[in-house]
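S.K.: Sequence lines, in order, name chains A and B.
Per this note's numbering, the very first residue in the first sequence carries number 1; after that it's consecutive.
Per this note's numbering, the very first residue in the second sequence carries number 1001; after that it's consecutive.
Mixed in with the good hints there might be a few duds.
Unchecked claim - In silico BS3-like links for lysine-lysine, alpha-carbon gap of 25 Å or less:
hint, chain 1, residue 1, chain 2, residue 2
1, B, 1312, A, 299
2, B, 1404, A, 270
3, A, 299, A, 312
4, B, 1299, A, 404
5, A, 270, B, 1287
6, A, 270, B, 1312
7, B, 1299, A, 299
8, A, 287, B, 1312
9, B, 1312, B, 1299
10, A, 299, B, 1404
11, B, 1287, A, 369
12, B, 1287, B, 1323
13, A, 323, A, 369
14, A, 299, B, 1323
15, A, 299, A, 287
16, A, 134, A, 176
17, B, 1270, B, 1287
18, A, 313, A, 299
What the hints assert, rightly or not - Residues of chain A clear of chain B, computed beta-carbon distances all greater than 10 Å:
hint, residue
19, 74
20, 78
21, 136
22, 176
23, 211
24, 247
25, 253
26, 278
27, 330
28, 331
29, 365
30, 403
31, 428
To be verified - Derived coverage of chain A by chain B (criterion: at least 3 residues anywhere in the stretch with Cβ under 8 Å from a Cβ of chain B; other residues may be distant):
hint, segment
32, 227-235
33, 295-303
Calculated from the structure, these hints are not laboratory results.
Fair warning: this is a prediction, and the values are worked out from it, not measured in the lab.
Even glycine gets a Cβ: it sits at the ideal position worked out from N, Cα and C.
2 protein chains.
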Amino acid sequence: MKASAAILLLLPVCFSAAVAAQAPVRVNGERISAHLMALSEFGKNPQGGVSRVAYSDADRAGRQYVLGLMRDAGLIVHIDTAGNLVGERAGSDSTLRPIVIGSHIDSVPEGGNYDGDVGSLSAIELAQTLNERKLRMRHPLQVIIFENEEGVMLGSTAIGAGVDGARLNSISQSGKTVREGVRFLGGDPDRLAESRRQPGSIEAYFELHIEQGGVLEQEHLKIGVVEGIVGIQDTEVTVQGIANHAGTTPMPQRHDALLSAARFIEMLNKVVTSTSGRQVGTVGWIKAQPGAYNVVPGKVTLGMELRDLDAKKIQDMFGQIRKEADAIGRANDTTFSFDQHALSAPALTDTRLQALISDSAKQLGLSMKLMPSGAGHDAQEMANLGPIGMIFVPSVGGLSHAPKEFSRPGDIENGANVLVEAVLGLDKAAKAK
Amino acid sequence: MKASAAILLLLPVCFSAAVAAQAPVRVNGERISAHLMALSEFGKNPQGGVSRVAYSDADRAGRQYVLGLMRDAGLIVHIDTAGNLVGERAGSDSTLRPIVIGSHIDSVPEGGNYDGDVGSLSAIELAQTLNERKLRMRHPLQVIIFENEEGVMLGSTAIGAGVDGARLNSISQSGKTVREGVRFLGGDPDRLAESRRQPGSIEAYFELHIEQGGVLEQEHLKIGVVEGIVGIQDTEVTVQGIANHAGTTPMPQRHDALLSAARFIEMLNKVVTSTSGRQVGTVGWIKAQPGAYNVVPGKVTLGMELRDLDAKKIQDMFGQIRKEADAIGRANDTTFSFDQHALSAPALTDTRLQALISDSAKQLGLSMKLMPSGAGHDAQEMANLGPIGMIFVPSVGGLSHAPKEFSRPGDIENGANVLVEAVLGLDKAAKAK
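Bound conformation, chain A alone (with noise of 0.2 Å):
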């Protein structure tokens, strides 16, 4: 009795097993974009939009809803001492290294509802998937939803690289230092480094996001399998001339900064286009002076950025704008110097897991390309510790941090439906090992 009590006891558990290895698993669409609806009250705004900047109040309690989110997942969440949320469910194999997945739910000021959000609410929709199908994975499977991503990546570098002590200082978009921050969202600025990982600490990083751009949606494809994170380099460019009188200066006598300065614009854009490739270069900003408009402008400043998945690729582009902006300089009057304000390297995804990716779509029938991802992700901060891979979803119109920001309820489910078919190949993948 004893022995076929054990047996009837062990029946559900085998049942349902044995259906999973029949009917795929599927998240439901429907309860993400419902969560999706209730996470967007947090921080909405009322021209449409939310902002729900990290460190504010709304932020805090978009928190505090995903963290219920996450224990109806039937995840054991604590929240570490970068203030990051961390649900965990165990593995089969508890010698396994974890597989992790999430995203962030902080926005930029009038930012929208998918950028962040769609990722953390589809990994946590996959552990409920889980969950409700009764399903065990051999790996551990963490869900991660990180803090103040978009101010300055600061939940995700503090698990990766590790902050140091000036990020702590700055000031974040909520009025609070980031120091002050930590400690409202519940974590111990002081106490950061114990959030900290090692290297090889992970088996593998996913994350869900939308793309931001309108690559998929020009092309009528469903999923993008990131290749990597761009590089960025922001530099500081100078442009030196002499302020003169704009009625008494003739033309030939002017060196006009602003002058030399739209030259440079315009030689900027023709080098990164110039040569193929999905390399980008942006002159975001500009400050003229004295600015008026009766005065030659004497001095210029102005920020330009260039961002590509290889390193060697930002350095040649640049090489090139110097050089070229030395010419423009010498024709007329002015002189170029470069000041780098920032440099983040360029982080791949691992080939393993775009492999991974891809035959998830094609299994479930999506049409997909191979892009890269020209924003920063919380993914490459977690590529400190392990392989990561990266889906992206469409932005319709390409818009992001913007209150249209939009993707489709289908692409969304489509995308997370990949992301479960991507860690659940790779769990049964480790097993063969």
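Based on the hints, put chain B in the right spot on chain A.
M.R.: Same frame as chain A, now just chain B:
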């Protein structure tokens, strides 16, 4: 006895007149330099130059000093309701209209010691020279030291076209409203209309001024005979694109307002320099929004200015610029719009006065050329009342509105002597009428 006494009393005057007919009337250049140096103490900046903005304490104190010089020069001085210093010297024929000379002594913030000061102190020197030589002109002579030229050309506008209420309420560089400032200088802003004069009420207005450009110096000339004061058209240009993520938006999908603005700046320069003439065109200020390294600018506003002696030429250039801007917009998926900010019509000098000035320079052996004034001057307001003439002397390095503004004492003395010759020449010519 009575008769002979009368003859004896008249003798010195006749003697003086006889000397005047023989010895040329020349200013005391050293005295002008000494007065320039003394005036430079009012609002002197430790790092050089002067900040004697209209309605500041330094401005009022400087005007008080100049008022003393005017009295020393034998002028009967009053402050009109606009706050201008008006010094009068009777002529021998009270039916004739006054010949007016003058300039201003207010400066831009961190300005120099020559713009306005040279013409003001030379006009006073003219009166003093006539006084010392006991010369009486046929026409009444008026020396006017206008107030607030650098700000809103208030003093001369009050005398010329009249001042509207908006200008009175504007905030001056001193922090005071113009209304408060006029009162501060001893005027009465509520009775401003009493300072206004009728068209045809003056015989002529002459102004000596530094060139504020580098043409005379570059061409090794001593005197500029001003053909007119250029018209100025200031236009705010808006370039509308679409702000988007600078990482995720591929180059061909951008609507980059700053790239279009850069092409506009280059195009404007080409339009202005592609035809012969002395027209100038400037983009003096620019603002890109939102203005961050990582956002493709969605909107740019910039200030363009066109100047020329010929109003039609300004309009033709503007028409061409608008047409080419539309093409730039279409080619780069952005749109241009134009909002005229300010317009002042060209003010031509009188050809008879130009000839008088040229003849005077020739007589003094000074090289010269006809040239436009690229900057605005009180003379353009006096053009509402009668014929105007302007004399330029070289600016070293073409610098103005800056601490390093400088004109050589010898050049200033030359200019003042040309002013004397021209005024006396006109005075004589009027005799012949």
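S.K.: Next step is simple, just say for each hint if it's right about the structure.
M.R.: Evaluation of the provided hints:
1. B:1312 with A:299: 32 Å, violated
2. B:1404 with A:270: 40 Å, violated
3. A:299 with A:312: 31 Å, violated
4. B:1299 with A:404: 17 Å, holds
5. A:270 with B:1287: Holds. Residue 270 of chain A to residue 1287 of chain B sits at ~22 Å (cutoff 25 Å).
6. A:270 with B:1312: 36 Å, violated
7. B:1299 with A:299: OK: residue 1299 of chain B and residue 299 of chain A at ~22 Å, within 25 Å.
8. A:287 with B:1312: 32 Å, violated
9. B:1312 with B:1299: 31 Å, violated
10. A:299 with B:1404: 18 Å, holds
11. B:1287 with A:369: This hinted pair is violated, its Cα atoms lying about 38 Å apart.
12. B:1287 with B:1323: Given that 25 Å is the threshold and the Cα spacing comes to 22 Å, the pair holds.
13. A:323 with A:369: 35 Å, violated
14. A:299 with B:1323: 29 Å, violated
15. A:299 with A:287: 8 Å, holds
16. A:134 with A:176: Status violated; Cα separation ~42 Å.
17. B:1270 with B:1287: 22 Å, holds
18. A:313 with A:299: Distance ~30 Å between residue 313 of chain A and residue 299 of chain A Cα, so the pair is violated.
19. 74: Per Cβ check, residue 74 of chain A is outside 10 Å of chain B; nearest 34 Å; holds.
20. 78: With a cut-off of 10 Å, residue 78 of chain A remains clear of chain B, as the shortest Cβ separation is near 33 Å.
21. 136: It holds; residue 136 of chain A is separated from chain B by about 37 Å at its closest Cβ, greater than 10 Å.
22. 176: Per Cβ check, residue 176 of chain A is outside 10 Å of chain B; nearest 21 Å; holds.
23. 211: About 7 Å separates residue 211 of chain A from the closest Cβ of chain B, which leaves it inside 10 Å; violated.
24. 247: At about 3 Å from chain B, residue 247 of chain A fails to clear the 10 Å cut-off, so the statement is violated.
25. 253: 5 Å, violated
26. 278: 7 Å, violated
27. 330: 17 Å, holds
28. 331: 12 Å, holds
29. 365: The claim holds: residue 365 of chain A sits with its nearest Cβ about 26 Å from chain B, beyond 10 Å.
30. 403: The claim holds: residue 403 of chain A sits with its nearest Cβ about 12 Å from chain B, beyond 10 Å.
31. 428: 33 Å, holds
32. 227-235: holds (count 3)
33. 295-303: holds (count 4)
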